[in-house]
Amino acid sequence: NAGVTQTPKFQVLKTGQSMTLQCAQDMNHNSMYWYRQDPGMGLRLIYYSASEGTTDKGEVPNGYNVSRLNKREFSLRLESAAPSQTSVYFCASRRDRGGNIQYFGAGTRLSVL
Amino acid sequence: GENVEQHPSTLSVQEGDSAVIKCTYSDSASNYFPWYKQELGKGPQLIIDIRSNVGEKKDQRIAVTLNKTAKHFSLHITETQPEDSAVYFCASLGGNYGGATNKLIFGTGTLLAVQP
Chain A
1 NAGVTQTPKF QVLKTGQSMT LQCAQDMNHN SMYWYRQDPG MGLRLIYYSA
51 SEGTTDKGEV PNGYNVSRLN KREFSLRLES AAPSQTSVYF CASRRDRGGN
101 IQYFGAGTRL SVL
Chain B
1 GENVEQHPST LSVQEGDSAV IKCTYSDSAS NYFPWYKQEL GKGPQLIIDI
51 RSNVGEKKDQ RIAVTLNKTA KHFSLHITET QPEDSAVYFC ASLGGNYGGA
101 TNKLIFGTGT LLAVQP
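Sequences listed follow chains A and B, in order. Each residue of the first sequence is one higher than the last, beginning at 1 in the working numbering. Each residue of the second sequence is one higher than the last, beginning at 1 in the working numbering.
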């Protein structure tokens, strides 16, 4: 059981570069989420997707875009990376049918120099 | 906006002692309160949760209590072991339980260190 898979695990970017963080889940979940985790600030929601074809902003969406490519995949794109986007990024998916348990990937550690 | 406060930020206990982590939420409509454990280098994993129609829930050495009036909920770990060392996050969720657009609001985390 792979669960939620994130790639890459580590990435270093220069300011202004772009990149896409990939996320895929094999649990047939409808809802998927992107969070960032910063010291002392817990997990903050960037974007989420309640179903294939829909996306919505979370608490900290500025500087990011997302694509729900299909039911399995939900990608996060940084068009012009900034040092303030240095963080650990987590993707999660949620069990459906009245459940609220979110299943997290192992994270992508991103540094923007 | 909605927020969840979590205390303490760090907690060190001796093996075998109990650990308690407390959270306060602001949204009186919140109806679901999960606790996640995050081990080093891994993503958070659910360890226990409670719904607003229940005051306490236990699962072996861990328990969660909820005081809706005070808008407090707590995680209790008894007989702590070194493998309990991790970061623990509380969270709250409002709105329609199980609804497609439900979003969790997370606390800032507690680093628990269990000393052998």
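The reader is advised that the hints may include incorrect statements.
BS3-like mimics (lysine-lysine), calculated; alpha carbons at most 27 Å apart, straight line [as the list claims (entries may be wrong)]: (1) B:K37 with A:K57; (2) B:K42 with B:K22; (3) A:K14 with B:K42; (4) B:K42 with A:K57; (5) B:K71 with B:K37; (6) B:K42 with B:K68; (7) B:K22 with A:K9; (8) A:K9 with B:K68; (9) A:K57 with A:K9; (10) B:K68 with B:K37; (11) A:K71 with A:K9; (12) B:K103 with B:K37; (13) B:K68 with B:K22; (14) B:K42 with B:K103; (15) B:K57 with A:K57; (16) A:K71 with B:K22; (17) A:K71 with B:K103; (18) A:K14 with A:K57; (19) B:K71 with A:K9; (20) A:K71 with A:K57; (21) B:K58 with B:K22.
I should point out that these hints are in silico values taken from the structure, not numbers from a laboratory. All of these numbers come straight from a predicted model, not from anything done at the bench.
Hint check results:
| no. | hint | in the structure |
| --- | --- | --- |
| 1 | B:K37 with A:K57 | 26 Å, holds |
| 2 | B:K42 with B:K22 | 23 Å, holds |
| 3 | A:K14 with B:K42 | 25 Å, holds |
| 4 | B:K42 with A:K57 | 25 Å, holds |
| 5 | B:K71 with B:K37 | 22 Å, holds |
| 6 | B:K42 with B:K68 | 32 Å, violated |
| 7 | B:K22 with A:K9 | 32 Å, violated |
| 8 | A:K9 with B:K68 | 40 Å, violated |
| 9 | A:K57 with A:K9 | 24 Å, holds |
| 10 | B:K68 with B:K37 | 23 Å, holds |
| 11 | A:K71 with A:K9 | 22 Å, holds |
| 12 | B:K103 with B:K37 | 18 Å, holds |
| 13 | B:K68 with B:K22 | 13 Å, holds |
| 14 | B:K42 with B:K103 | 21 Å, holds |
| 15 | B:K57 with A:K57 | 33 Å, violated |
| 16 | A:K71 with B:K22 | 36 Å, violated |
| 17 | A:K71 with B:K103 | 19 Å, holds |
| 18 | A:K14 with A:K57 | 25 Å, holds |
| 19 | B:K71 with A:K9 | 37 Å, violated |
| 20 | A:K71 with A:K57 | 18 Å, holds |
| 21 | B:K58 with B:K22 | 16 Å, holds |
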